[in-house]
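Chain A is already provided as a structure; the job is to place chain B on it using the hints.
Residue numbers (this note's numbering), protein chains in the order written: chain A, 313 to 543; chain B, 313 to 543.
Just so you know, the hints here were simulated from the structure itself, not pulled from any lab data. Heads up, some of the hints might be wrong.
Repeated chains share a single entry, so a pair holds when one copy, or any two copies, can fit it.
Derived BS3-like pairs: lysine-lysine, alpha-carbon spacing no greater than 27 Å straight-line [said to hold, decoys possible]:
id : residue 1 : residue 2
1  : K489      : K352
2  : K357      : K510
3  : K340      : K489
Protein chains: 2
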Amino acid sequence: MSCNLTIRQLFDYETWTYTYLLWDEQTKEAAIIDSVLEQKDRDLKLIQQLGLALKYSMDTHIHADHITANGPLRQATGCEIVLHSNSCSACATILAKDNDVFMLGDQSITIWHTPGHTDNDISFIVDGAVFTGDTMLIRDCGRTDFQKGDTQAMYESLHRLLSLPDNTIVYPGHDYKGFTSSSIGEERQFNTRVGNGKSYDDFKHMMDNLNLPNPRRIDVSVPGNMACGMI
Amino acid sequence: MSCNLTIRQLFDYETWTYTYLLWDEQTKEAAIIDSVLEQKDRDLKLIQQLGLALKYSMDTHIHADHITANGPLRQATGCEIVLHSNSCSACATILAKDNDVFMLGDQSITIWHTPGHTDNDISFIVDGAVFTGDTMLIRDCGRTDFQKGDTQAMYESLHRLLSLPDNTIVYPGHDYKGFTSSSIGEERQFNTRVGNGKSYDDFKHMMDNLNLPNPRRIDVSVPGNMACGMI
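Chain A with its partners taken away, still in its complex shape (with noise of 0.2 Å):
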């Protein structure tokens, strides 16, 4: 891990998501991924206590589960707003493609296409972590049943995310059992959809038997997302 990229986590204790703030520490550029509309405050406060200047808020996909921040936070900071191009977000910024590069300072962000859990997911890959949303949880993965979700996509966005090295630190969109962050080296084994090596079959399997209920905030989360949570 570089020296000069430090992340730090947040949590929203509401909707159990993690919000990620990045910054390189020569020239205090900085990018939050996954922001929580009801965390702006929070955050604002946070990014100005530290001296950063906000230069990208990122959400690794139209969130089903809670409302983002990223119009708030541009309004307050000028920051850019990345979502994938599939998104069709209208409010966005930057509509980004897979191995689209941005910069923190010398610091890399690297933008990988993972759908599955909808069409428009993205992975952010920086040096020595990957930011996987709701592509890979810990020992697990976001579900494909909904908002153009796709079970051969994700098995395939998995496998390519369990191509980094073993020592890469996984930062998800969530987690329920109190887990902060895993590794690429222990998913390959321990990850129960598609660790130990699990075939398309027995992985189809097991997500066409999960029988979830909707989550319970996504009528109102996603045309709030697709407005950039200025609503």
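Structure of chain B alone, referenced to chain A:
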């Protein structure tokens, strides 16, 4: 931060407690700090998956808000239980004192006696980070109004912690706003209790007027922790 010491933060949603698992990558010797009884199966499974040898189970103090897993972890792994000598715990393996040093491979964990919240608080100092229990919290500190708490001692302990280098990562015992870590440099500026050179008189005035309710689990937690969670 040394590349050989890995730190994994864990969270208990019921009591909002942070548990830390740290290990030496070379030897796989590990320590757990502030374990939670209800999470012992999760934590033992993680220790096993990571191939770690648990050497120490350490508590920052005799907690009033949750019960430790020290005893069950010792039973399962043969680890040593470390508490401060003031805890007078009959079940600890080691009653530690200020400046005692514990090793995980070549990585040292130095104990600082940092009383104030109780008379038996210890902080654990490793290369680049400090685990502060309920002494230093993020922008805050622990209460001093029960369990032999002492406002003067807390002020001195916080200032001792503030003597660490600016870039030392602060890992607290709890946080109630969704922060997971801070740094000594930030706390020296922004800690609301002692930051920005606040005087002892101002600090004492704040601490004397917190008007907090008793922790709801104090009646079972303190005796449960004196018994190392073997209840």
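Hints, one by one, checked against the model:
Proximity of K489 to K352 under the C-alpha cut-off of 27 Å is found in both arrangements, the shortest distances being 25 Å within a copy and 12 Å between copies. Proximity of K357 and K510 under a CA criterion of 27 Å is satisfied inter-copy only: 20 Å between copies versus 44 Å inside one chain copy. Proximity of K340 to K489 under the C-alpha cut-off of 27 Å is restricted to the inter-copy arrangement: shortest distance 24 Å between copies versus 33 Å within a copy.
The earlier numbered hints are all upheld by this structure, with none contradicted.
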